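Visitor: Chain by chain, the residues run as shown.
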Amino acid sequence: MSRSSAEVRPSVQARSSKGTMSKIAKVNLRNGLLFVSPWLAGFAAFSLLPFLLSLYYSFTTYDVVSSPVWVGLDNFVQLFKDPLFWKSITNTMYYTLFSVPLGIVFGVALALLLNMKVKGMALYRTIFYLPSIVPVVASSVLWLWLFDPQFGLINGLLDTIGIAGPGWLVDPAWSKPALIVMGLWGVGGAMIIYLAGLQDIPQEMYESAQIDGAVWWQKIVYITLPMLSPVIFFNLIMGLIGSFQYFTQAYIITSGGPNDSTLFYSLYLYKNAFSYFHMGYASAMAWILFLLIMAVTLLVFKSSARWVFYGGER
Amino acid sequence: MLEINAQQTTNLSRTKKGVFKQLIAHVCLILLGITFLFPFVWMLSTALKPEAQIFKWPPEWIPDQFLWSNFPEALTFVPFGTYVLNTLTICIWAMVGTCVSSALVAYGFAKIQWPGRNVLFMIMLSTMMLPSQVTMIPIFVIFKKIGWVGSYKPLIIPAFLGGAFFIFLLRQFFLTIPQELSEAAKIDGCSEFRTFWQIILPLARPAFATVALFTFMNNWNDFMGPLIYLSDEKMYTVSLGLQQFIGQYGTRWGMLMAASTVATLPIIILFFFAQKTFIQGISTTGIKG
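As you go down the protein sequences, you meet chains A and B in turn. For the first sequence, the numbering used here assigns the number 1 to the initial residue and increments by one for each residue that follows. For the second sequence, the numbering used here assigns the number 315 to the initial residue and increments by one for each residue that follows.
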């Protein structure tokens, strides 16, 4: 968040006259609150209250129809004994460990290719970007068909080069890789962000590296990647949060199967809440998810001092 | 003289190298581009084939005869037209709500100085980090208690209370509008609201285009919201309707692909009309977030 000095100054003035608030300051306070009041109401109703309620529910059994019954830490104890809970965590870890790094590598690589000032850049950009805006349900149906073990395009193509393709979405060992491949098809959204980041790198840096005799990979390692690291950092955080919440594709395509191999955390949470109406149990899961996301985000933030380079800002 | 010569030769070798590099880049991009396009082509190709041809290998990429009947068949088997109208209703209301409320709030955060403003702004930013799974259950319970479940209200009304992401986006844009403009308006006797309405809003059109576009997209593509709140089949959205298809049609891929094409088409058309807004929106919000 860049805050210009011009913006900070008046708020300091307002604070200094806080004791005896001038008429203008009072009017400003009233107007300010009035303007942000829609958000204040929304915050109270859809963030703060649900946040607190969710914490409360996590210590109760609750099926929406009857009122919640306090059970203390019971939900959490049950969760830690629940094999499906652990299964959903392992599945989510598996997905995250592959899809996030692969997404970064592919996204950056595509952006680097597009940034080479090739002709027809706009066309390529469109081609790579389009899959990321296709409605999730539509792309899910499409990939269900592509991955069809018998008649799907992918196994057909594998067959022509002499490989007997796996069962993909119906094979517990291949269902997650299939979803990861499908996720990579939508890498274009991140690619656009990397591309914008690449275009912000001052050209002079490459020119002076050129004069010093740097070859292409040295430019990438010593200029491009450090300069791009804040963007990579941003996408890493968003990618982690997104994959922890991975839901829709798994719900539509496999709804957890086969053999619970695609029962991801958020899917299991959803099933507990809206299929079995175990709202308390699901709320406990939501809070564990929240704490996990916070912890991982914090770790990445902590690590960022070592590898994220803010040119000139620090 | 010598120096110039040296420079010329390096320039020459650089352009040669440049051509070579461009060639490699093009080859990579074309191969990758084809890979990325394949699923789309396959979708359309399947949608235009009769059942017997769909399972033929090697496949015919372009069917020798286009079979259009998958489209009307898929679109009439379930009331797809109704689904489109339903989705449009939600999208348009959400767009209106988000634009109006987010603009007001963003103005309050960007253009008025008041104590507590920065604290509230930070709180707003931090709500973006809150996973929806945490709030989803209590919000459902609240809507259930006030009898809104089964209606479009849970999908529309929250939009009128501002979305943190869009408020942030608009606030960043408002900050780029010189403070002198609104100050001058106020000296001329404009009220705060009139300054907002007549000075700032007209200047923020490009930012609104981004907000409107993204709200539309999000709502058109939304699956979980309708899944949780809608139960009457007549009220389904396109996404929810399409998901029902899978269960009903099993492996009638021709019809499924036809329906998917119809669900995707509006987004692709929108993209081609508003390409610049898309790319700008993504890159600015991505980077400056």
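Hints in this document: simulated from the structure, not taken from any laboratory. Take these hints with a grain of salt, some might be off.
Restricting the straight-line Cα-Cα distance to at most 27 Å, the calculated cross-link-like pairs of lysine-lysine (DSS-like) are [as the list claims (entries may be wrong)]:
#: 1; chain 1: A; residue 1: Lys-219; chain 2: A; residue 2: Lys-117
#: 2; chain 1: B; residue 1: Lys-459; chain 2: A; residue 2: Lys-271
#: 3; chain 1: B; residue 1: Lys-330; chain 2: A; residue 2: Lys-119
Just a few of them, taken from the derived set where beta-carbon distance is under 8 Å, the chain B residues facing chain A [claimed, not checked]:
#: 4; residue: Gln-336
#: 5; residue: Thr-360
#: 6; residue: Phe-423
#: 7; residue: Met-438
#: 8; residue: Phe-474
What you are looking at is a predicted structure, and each value in this text was computed from that prediction instead of being measured. Glycine included, every Cβ here is placed at the ideal spot set by N, Cα and C.
Visitor: Are the hints correct? Go through all of them and say.
Guide: Verification of the hints:
1. A:Lys-219 / A:Lys-117: holds (16 Å)
2. B:Lys-459 / A:Lys-271: Measuring from Cα to Cα gives roughly 21 Å; hence the hint holds.
3. B:Lys-330 / A:Lys-119: holds (16 Å)
4. Gln-336: Because about 6 Å separates B:Gln-336 from the closest Cβ in chain A, which is inside the 8 Å limit, the hint holds.
5. Thr-360: Since the shortest Cβ distance to chain A is 7 Å, the answer is holds.
6. Phe-423: Holds, about 6 Å.
7. Met-438: The hint holds - B:Met-438 has a Cβ within 8 Å of chain A, the shortest such distance being about 6 Å.
8. Phe-474: holds (7 Å)
Going through the hint list in order, the structure satisfies each hint without exception.
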